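Going line by line, the protein sequences match chains U and B.
The first sequence begins at 1 in full-length UniProt numbering and counts up by one.
The second sequence begins at 1 in full-length UniProt numbering and counts up by one.
It is possible that some hints are incorrect.
[What the hints assert, rightly or not] Computed spacing ranges between beta-carbons, pair by pair:
{"no.": "1", "chain 1": "U", "residue 1": "THR115", "chain 2": "B", "residue 2": "SER23", "range": "45 to 51 angstroms"}
{"no.": "2", "chain 1": "B", "residue 1": "GLU88", "chain 2": "U", "residue 2": "PHE65", "range": "35 to 41 angstroms"}
{"no.": "3", "chain 1": "U", "residue 1": "ALA32", "chain 2": "B", "residue 2": "GLY11", "range": "54 to 60 angstroms"}
{"no.": "4", "chain 1": "U", "residue 1": "THR276", "chain 2": "B", "residue 2": "GLU88", "range": "27 to 33 angstroms"}
{"no.": "5", "chain 1": "B", "residue 1": "SER23", "chain 2": "U", "residue 2": "ASN341", "range": "58 to 64 angstroms"}
{"no.": "6", "chain 1": "B", "residue 1": "SER23", "chain 2": "U", "residue 2": "ASN377", "range": "36 to 42 angstroms"}
{"no.": "7", "chain 1": "B", "residue 1": "GLY11", "chain 2": "U", "residue 2": "ASN341", "range": "24 to 30 angstroms"}
{"no.": "8", "chain 1": "U", "residue 1": "THR210", "chain 2": "B", "residue 2": "GLU88", "range": "26 to 32 angstroms"}
To be clear, the hints were calculated from the coordinates, so they are not data collected in a lab.
In this text the structure is predicted, and so the values were computed from the model without any measurement.
Quick reminder that beta carbons are idealized off the backbone N, C-alpha and C, glycines included.
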Amino acid sequence: MPAPIRLRELIRTIRTARTQAEEREMIQKECAAIRSSFREEDNTYRCRNVAKLLYMHMLGYPAHFGQLECLKLIASQKFTDKRIGYLGAMLLLDERQDVHLLMTNCIKNDLNHSTQYVQGLALCTLGCMGSSEMCRDLAGEVEKLLKTSNSYLRKKAALCAVHVIRKVPELMEMFLPATKNLLSEKNHGVLHTSVVLLTEMCERSPDMLTHFRKLVPQLVRILKNLIMSGYSPEHDVSGISDPFLQVRILRLLRILGKSDDDSSEAMNDILAQVATNTETSKNVGNAILYETVLTIMDIKSESGLRVLAINILGRFLLNNDKNIRYVALTSLLKTVQTDHNAVQRHRSTIVDCLKDLDVSIKRRAMELSFALVNGNNIRGMMKELLYFLDSCDPEFKADCASGVFLAAEKRWVLQNPTINAGSYVRDDSVPNLIQLITNSVEMHAYTVQRLYKALLDDISQQPLVQVASWCIGEYGDLLVSGQCEEEEPIQVTEDEVLDVLEGLLVSNLSAPVTRGYSLTAIMKLSTRFSSVNRIKKVVSIYGSSIDVELQQRAVEYNALFKKYDHMRPALLERMPIMEKTATNGPTEIVQTNGETESSALDSKHPPSITQPTNQANDLLDLLGGNDVPVIQTALPTKPASAGGELLDLLGDLSLSGGPTPAPAPSVPISQTPFLLDGLSSQPLFNDTAAGIPPMTAYNKNGLKIEFTFERSNPNPNISVITIHASNSTEADMTDFVFQAAVPKTFQLQLLSPSSNIVPALNQGSVTQVIRVLNPQKQQLRMRIKLTYTLKGAPVQDLAEVNNFPPQSWQ
Amino acid sequence: NRNERRRIGRGKLRLQKWYVALSDTQKKKISREVIQMVLARKPKMCSFLEWRDLKIVYKRYASLYFCCAVEDQENELITLEIIHRYVELLDKYFGSVCELDIIFNFEKAYYILDEFILGGEAQETSKKIVLKAIEQADMLQEEAEAPRSVLEEIGLT
Chain U
1 MPAPIRLREL
11 IRTIRTARTQ
21 AEEREMIQKE
31 CAAIRSSFRE
41 EDNTYRCRNV
51 AKLLYMHMLG
61 YPAHFGQLEC
71 LKLIASQKFT
81 DKRIGYLGAM
91 LLLDERQDVH
101 LLMTNCIKND
111 LNHSTQYVQG
121 LALCTLGCMG
131 SSEMCRDLAG
141 EVEKLLKTSN
151 SYLRKKAALC
161 AVHVIRKVPE
171 LMEMFLPATK
181 NLLSEKNHGV
191 LHTSVVLLTE
201 MCERSPDMLT
211 HFRKLVPQLV
221 RILKNLIMSG
231 YSPEHDVSGI
241 SDPFLQVRIL
251 RLLRILGKSD
261 DDSSEAMNDI
271 LAQVATNTET
281 SKNVGNAILY
291 ETVLTIMDIK
301 SESGLRVLAI
311 NILGRFLLNN
321 DKNIRYVALT
331 SLLKTVQTDH
341 NAVQRHRSTI
351 VDCLKDLDVS
361 IKRRAMELSF
371 ALVNGNNIRG
381 MMKELLYFLD
391 SCDPEFKADC
401 ASGVFLAAEK
411 RWVLQNPTIN
421 AGSYVRDDSV
431 PNLIQLITNS
441 VEMHAYTVQR
451 LYKALLDDIS
461 QQPLVQVASW
471 CIGEYGDLLV
481 SGQCEEEEPI
491 QVTEDEVLDV
501 LEGLLVSNLS
511 APVTRGYSLT
521 AIMKLSTRFS
531 SVNRIKKVVS
541 IYGSSIDVEL
551 QQRAVEYNAL
561 FKKYDHMRPA
571 LLERMPIMEK
581 TATNGPTEIV
591 QTNGETESSA
601 LDSKHPPSIT
611 QPTNQANDLL
621 DLLGGNDVPV
631 IQTALPTKPA
641 SAGGELLDLL
651 GDLSLSGGPT
661 PAPAPSVPIS
671 QTPFLLDGLS
681 SQPLFNDTAA
691 GIPPMTAYNK
701 NGLKIEFTFE
711 RSNPNPNISV
721 ITIHASNSTE
731 ADMTDFVFQA
741 AVPKTFQLQL
751 LSPSSNIVPA
761 LNQGSVTQVI
771 RVLNPQKQQL
781 RMRIKLTYTL
791 KGAPVQDLAE
801 VNNFPPQSWQ
Chain B
1 NRNERRRIGR
11 GKLRLQKWYV
21 ALSDTQKKKI
31 SREVIQMVLA
41 RKPKMCSFLE
51 WRDLKIVYKR
61 YASLYFCCAV
71 EDQENELITL
81 EIIHRYVELL
91 DKYFGSVCEL
101 DIIFNFEKAY
111 YILDEFILGG
121 EAQETSKKIV
131 LKAIEQADML
141 QEEAEAPRSV
151 LEEIGLT
């Protein structure tokens with residue numbers, strides 16, 4: 001069989017291929033030849049074949065059939081074979097394949113080989129790709145070599161040890177003795193790798209860290225020698241002696257000096273020296289300065305040194321080299337929290353970097369700028385940042401706008417320019433901005449005026465339009481009354497405002513969501529404006545809108561006018577200050593006015609949508625139809641199912657405590673969204689009224705029901721009662737159902753219970769929340785019905801609850 | 001701690017060295033992504049890219065890009081020096097190195113890299129010593145091959 005073609009030959013041939021297909025064909029042909037050659041167990045050409053295989057692998061073709069061949073090469077006695085074999089192992093094998101373990105023995109032998117270059121190959125391969133098992137097996141050999149006087153091997157052993165420690169941290173201890181005199185070496189290679197090894201050990205173990213602290217003087221000395229020593233051609237880089245070693249030593253010093261006064265003090269001088277003496281004309285000098293600055297900032301350095309460090313960074317900012325500027329911004333970002341004032345001094349330079357051409361630099365400068373905003377500089381900074389916002393790339397706009405809002409939030413300042421930023425706001429920031437606006441109470445008039453004016457100019461920016469609509473709906477009364485203090489109040493009539501909002505409804509530019517905002521805003525104005533008739537007209541028109549969402553809203557608002565007019569003021573009154581429900585970001589905030597689903601409330605939609613007929617009040621029937629009738633509510637006919645996603649403002653209002661057939665297994669309490677839920681978001685109920693005493697509502701036959709109370713601050717007409725049912729009998733009470741009825745003037749909603757099993761012997765309780773709307777502030781009375789199964793027998797009981805503490809309903 | 005380094009020429013990967021254990025598919029995917037990002041960079045931009053939780057430090061030499069993916073806390077400026085040192089080594093070894101040298105002698109490029117860097121860290125900071133080691137190893141290789149070629153010459157394969 002003819003000798004397989006040489007590597008160079010193959011490369012040349014493959015490069016002549018003009019198409020991918022042609023190349024593939026050549027590769028396949030050669031692979032076939034190589035495969036058969038492998039099968040013949042040809043020792044002579046194995047090396048050549050594997051080399052070719054590696055080349056093809058680099059081009060992206062599969063080469064796994066060569067893995068075993070690599071192992072054979074490694075086992076060969078020829079140096080050439082070993083060289084290619086180990087290279088092949090590093091390129092083709094990895095620890096996922098069991099095959100790699102076969103290397104272990106070879107490596108072990110080669111670690112003890114008579115030729116140092118073979119030992120070197122073994123150390124290199126182990127240190128590059130050794131798996132945990134291999135490391136465990138061979139750690140001893142590595143440790144031996146760490147103590148050799150052969151610097152060529154010692155330096156490699158040190159890095160190999162680093163790898164072993166990373167893979168098998170428990171083995172770190174065994175290398176400790178060998179580190180004893182590592183730093184006494186003259187050889188820079190060994191010094192460098194030793195410092196790396198020491199760094200790794202100190203980072204992993206606080207004990208090691210303490211142990212190695214004593215090396216600080218020695219490290220300082222080595223560093224000093226590097227700086228002070230004359231020109232050393234072997235290690236010189238642009239006039240600096242072994243910058244790689246200097247940087248590693250500085251890094252180790254950083255770790256050793258952190259949180260340790262003595263060590264920090266011991267390195268103070270050398271750090272100052274490096275900081276002032278290092279040549280800064282080339283990148284290499286700046287690399288050292290950079291590392292020095294990082295070290296100074298991290299250890300317990302004296303303030304003079306810190307200022308020096310920040311000034312170095314400040315100088316970096318002015319450097320022509322963009323890499324240096326980038327690095328400066330990154331470092332300043334890290335230190336801005338701790339050394340805020342020092343960094344402030346460089347604010348103008350940082351702000352200048354906003355105009356840099358490089359994207360990474362711009363981004364860093366932007367982040368840093370936001371971090372530097374404070375009460376004193378906010379006006380100036382905002383100006384710069386908004387200019388940046390206007391002119392920056394689209395990829396920045398969203399983050400920048402959000403940053404502007406956050407900065408504004410921190411200062412509770414909603415300035416003129418921030419409104420402009422609103423046009424860039426991401427859709428999911430709309431709730432964020434709304435929340436921000438509600439919180440800046442003193443700015444409401446100003447805000448709504450500005451937003452109104454913005455709408456007059458341009459209605460194409462959807463997020464801005466949505467926020468503007470919302471504000472007009474909310475603060476329209478302030479708008480027409482001309483109450484603005486911050487700037488000249490504009491004269492605008494109710495009709496003009498309604499014109500604008502109606503304009504949004506019909507405009508082609510408005511997204512469906514925006515239309516929803518407008519319609520709701522118009523509706524809200526019915527309690528703030530006097531021109532209610534016009535609003536009624538609009539609302540009724542949209543009752544037959546093709547847009548299902550609008551139709552639904554309109555129909556519900558219509559119903560509000562027709563049947564529930566007495567509730568309308570309460571429903572549409574001014575929003576309270578919102579709390580954020582989560583810290584993760586705007587998408588978590590519960591929106592109001594039924595714009596988004598209130599997830600906490602809608603977990604279980606009522607199982608069936610009841611028809612708009614007067615439903616028999618089941619609880620009343622059960623109660624024997626006495627003089628405690630309850631309000632019945634009819635349902636508006638729903639148009640085709642509107643996705644069920646949105647909160648029904650006037651959704652199912654069947655009386656809480658549903659009809660008897662229970663959909664197994666859960667308790668058949670309907671999850672009807674309470675009337676006011678659309679406006680009141682869940683967190684509001686966290687406002688507890690201090691100290692309304694709890695009461696025992698029922699206590700019979702081992703079942704005890706306690707009521708605890710909360711008042712919702714913004715809406716004093718709502719009481720939140722939590723029932724706690726506990727069971728002192730020996731057996732669990734299963735299928736537990738709690739039902740309640742209230743007098744006519746009240747409205748009641750029952751949320752889902754925590755469970756329907758009340759555990760025996762007071763081992764736990766079932767809780768359930770009742771919300772009572774009491775607009776007429778009458779004395780609260782309640783009739784409750786309890787059903788459960790105890791020891792197989794069903795139990796039922798009725799009771800009246802009259803002893804509500806006055807604070808719970810007054 | 002360096003994770004990978006690679007040289008890219010004309011969008012084609014010429015060399016790549018991985019210091020973390022990843023599957024072939026993962027490596028391919030990562031390489032593709034990084035190559036795309038680096039080639040998209042304009043000349044005025046700085047040499048650092050943020051990618052996932054790593055930093056890519058890259059430098060262009062003629063038609064080749066040399067990229068290093070390093071961990072976040074790594075000193076980017078010294079990484080640039082490391083890249084430069086490697087190129088210097090190649091240059092010294094091949095005598096004014098060009099892309100073709102690396103293509104046709106890829107295994108040598110790897111050997112040089114492996115004498116300079118081990119497990120992602122520099123093992124030797126002296127150019128001279130690295131080159132000497134390579135030289136010696138090359139001689140060892142020649143000695144091993146020599147006998148056979150003599151036989152070939154005589155015609156006794």
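Here is how each hint holds up against the structure:
no. : hint                                   : result
1   : U/THR115 - B/SER23: 45 to 51 angstroms : violated (34 angstroms)
2   : B/GLU88 - U/PHE65: 35 to 41 angstroms  : holds (37 angstroms)
3   : U/ALA32 - B/GLY11: 54 to 60 angstroms  : violated (29 angstroms)
4   : U/THR276 - B/GLU88: 27 to 33 angstroms : holds (29 angstroms)
5   : B/SER23 - U/ASN341: 58 to 64 angstroms : violated (50 angstroms)
6   : B/SER23 - U/ASN377: 36 to 42 angstroms : violated (51 angstroms)
7   : B/GLY11 - U/ASN341: 24 to 30 angstroms : violated (48 angstroms)
8   : U/THR210 - B/GLU88: 26 to 32 angstroms : violated (40 angstroms)
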